[in-house]
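> So the sequence shown is numbered by this note's numbering: it starts at 1 and just counts up by one.
Do not take every clue at face value.
[Unchecked claim] Label pairs and their in silico Cβ distance ranges:
| no. | residue 1 | residue 2 | range |
| --- | --- | --- | --- |
| 1 | A178 | E316 | 28 to 34 angstroms |
| 2 | N202 | G329 | 16 to 22 angstroms |
| 3 | A121 | S209 | 25 to 31 angstroms |
| 4 | K81 | Q225 | 44 to 50 angstroms |
| 5 | T335 | Q296 | 40 to 46 angstroms |
| 6 | M200 | T319 | 48 to 54 angstroms |
For the record, the hints were derived by calculation from the structure and aren't laboratory data.
Every value quoted in this text rests on a predicted model; they were computed, and no experiment measured them.
All C-beta atoms in this analysis are idealised placements derived from N, C-alpha and C, irrespective of residue type, glycine included.
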Amino acid sequence: MRKVFLILLLVSLSAISARAQRGSRPSPSPTPKSEDQETVKVFTEEVRLPIAATDTYGHYDPTLTIDDVLVLEDGRQQQIKSIQHLPANVLLLLDVGNQMGLKDTNLTRDVAMRVINSLFAGNRIAVIQFAMKPELLQTWTTDKPGIARVLKTKMISGKSSRLADAIAAAADQFKDTAPGTRHIVIVSDGVDTPGGKVTMTNALKQLNSIQASVHILSYTVLARQELQTQTKIRSPGDGIQRDGNPGSNPVANGDPTLPPGTTRTPTFKIGSIDTDVAMRRKRKEYERATVESEKQLTEIAEESGGRMFLPANANELLTQADSIARDIGSQYVVTYRPTRPLSAAKPGEYRKVEVASRRVGLYLRSRHGYVVPNN
Numbered sequence: 001m002r003k004v005f006l007i008l009l010l011v012s013l014s015a016i017s018a019r020a021q022r023g024s025r026p027s028p029s030p031t032p033k034s035e036d037q038e039t040v041k042v043f044t045e046e047v048r049l050p051i052a053a054t055d056t057y058g059h060y061d062p063t064l065t066i067d068d069v070l071v072l073e074d075g076r077q078q079q080i081k082s083i084q085h086l087p088a089n090v091l092l093l094l095d096v097g098n099q100m101g102l103k104d105t106n107l108t109r110d111v112a113m114r115v116i117n118s119l120f121a122g123n124r125i126a127v128i129q130f131a132m133k134p135e136l137l138q139t140w141t142t143d144k145p146g147i148a149r150v151l152k153t154k155m156i157s158g159k160s161s162r163l164a165d166a167i168a169a170a171a172d173q174f175k176d177t178a179p180g181t182r183h184i185v186i187v188s189d190g191v192d193t194p195g196g197k198v199t200m201t202n203a204l205k206q207l208n209s210i211q212a213s214v215h216i217l218s219y220t221v222l223a224r225q226e227l228q229t230q231t232k233i234r235s236p237g238d239g240i241q242r243d244g245n246p247g248s249n250p251v252a253n254g255d256p257t258l259p260p261g262t263t264r265t266p267t268f269k270i271g272s273i274d275t276d277v278a279m280r281r282k283r284k285e286y287e288r289a290t291v292e293s294e295k296q297l298t299e300i301a302e303e304s305g306g307r308m309f310l311p312a313n314a315n316e317l318l319t320q321a322d323s324i325a326r327d328i329g330s331q332y333v334v335t336y337r338p339t340r341p342l343s344a345a346k347p348g349e350y351r352k353v354e355v356a357s358r359r360v361g362l363y364l365r366s367r368h369g370y371v372v373p374n375n
């Protein structure tokens, strides 16, 4: 009898243990619902387009609605899903190279602070300076006083300006930011010193891939004016300096072969090299380079939906810094799902975008197109 009892007890314990083990097993993961899969697909098929909306006077229009905007992609009207005014991610790309002595790092710092102080509260800001190479001075932050301290203590001028490397580095900073809220403010003459790690062609491809609005404060006009001033001051002559009062100096510089009232100006030569000639050639080359860079910078700004500014003096540079901040503040993010799916695009496909206002007195500006991102 005792043996039978033990056998029954062991069977009962085994059954309890088996039930406990079955109950402790994790349940298999549920198969994602088709609705969830469709939601993910819709998200990846969205285009987020930054659009600047202003009134007749160039002021931000706070009343923009879906009915006010017409969006065309490759000539076909798109159905807008939403329009939002969102905080922006603004990266300042500051040229501190000064190979010709025509760019003022202190002025560039002041311009950067004007942009920062004029931006709406809540915008995230980052700063990169570049000369021989780009240097991240400030990661993304909303702390304006902190950025001011960084600009005051860490901005250092250099000799060369490698813009292509800097653009590539700037594009890399936007990986974790929301499309449609990306802005780059470039303060530079746009002259790219050879020898960088990235070609300008590849840098612009990276820039196009992040679909950022690019706003540019160019030193080109200001630099050319300064060059012309220097050329007038140091214009070459015949080596003879004439006195305004000839009678006061009958024998010039002890040289009786010269007419009264004149002195012979020494030439500047090292060996057989005329340094004035070499410097004039260098200035001419730089002046031509600013003309070419100005064209390129203008194309970059217009393609991205940003603006290009060409100040002629320091005061204009500072005033136009305020204009850039207002321009960034006037931008909305328009979201639509393309009628032609992004998934059907070829690698690197470019799609042309046009925006138009449906309301009198409303002016809209956006990028001219976008490269379909890789899925």
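> Compare the structure with each hint and give your call.
Evaluated hints:
no. : hint                             : result
1   : A178 to E316: 28 to 34 angstroms : holds (33 angstroms)
2   : N202 to G329: 16 to 22 angstroms : violated (32 angstroms)
3   : A121 to S209: 25 to 31 angstroms : holds (30 angstroms)
4   : K81 to Q225: 44 to 50 angstroms  : holds (48 angstroms)
5   : T335 to Q296: 40 to 46 angstroms : violated (31 angstroms)
6   : M200 to T319: 48 to 54 angstroms : violated (29 angstroms)
In this structure, the hints that do not hold are numbers 2, 5 and 6, in rising order.
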